[in-house]
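UniProt numbering numbers the first residue of the sequence shown as 1 and each following residue consecutively.
Hints listed in this document are in silico derivations from the structure and should not be mistaken for laboratory results.
Since the structure is predicted, the reported quantities are computational estimates derived from the model, not experimental observations.
Every residue gets a Cβ at the ideal spot worked out from N, C-alpha and C, and that includes glycine.
Heads up, a few of these hints could be off.
Stated by the list, open to error - Cβ-Cβ distance ranges computed for the label pairs, FRET-style:
1. 41 with 8: 46 to 56 Å
2. 45 with 9: 31 to 41 Å
3. 41 with 5: 46 to 56 Å
4. 6 with 39: 46 to 56 Å
5. 14 with 46: 42 to 52 Å
6. 44 with 6: 55 to 65 Å
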Amino acid sequence: MWVMGRKELRKKEKGLDFFSKKTANHISGIYIVVKSSLYLIQKFAKC
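Using the sequences and the accompanying hints, generate a full structural model.
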């Protein structure tokens, strides 16, 4: 694993950064959806 060249390592780090950014965006999107659906459920539960 540690025999990797520096170029390969840099490539992997770039890919990881891109992946983590995509995941963060995805998670925040899910969070918003969950929050709004929880709000709707509470609204309907009160009726």
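Results for each hint:
no., hint, result
1, 41 with 8: 46 to 56 Å, "holds, 48 Å"
2, 45 with 9: 31 to 41 Å, "violated, 52 Å"
3, 41 with 5: 46 to 56 Å, "holds, 53 Å"
4, 6 with 39: 46 to 56 Å, "holds, 49 Å"
5, 14 with 46: 42 to 52 Å, "holds, 49 Å"
6, 44 with 6: 55 to 65 Å, "holds, 57 Å"
Violated hints amount to a single one, hint 2; each of the other numbered hints is respected by the structure.
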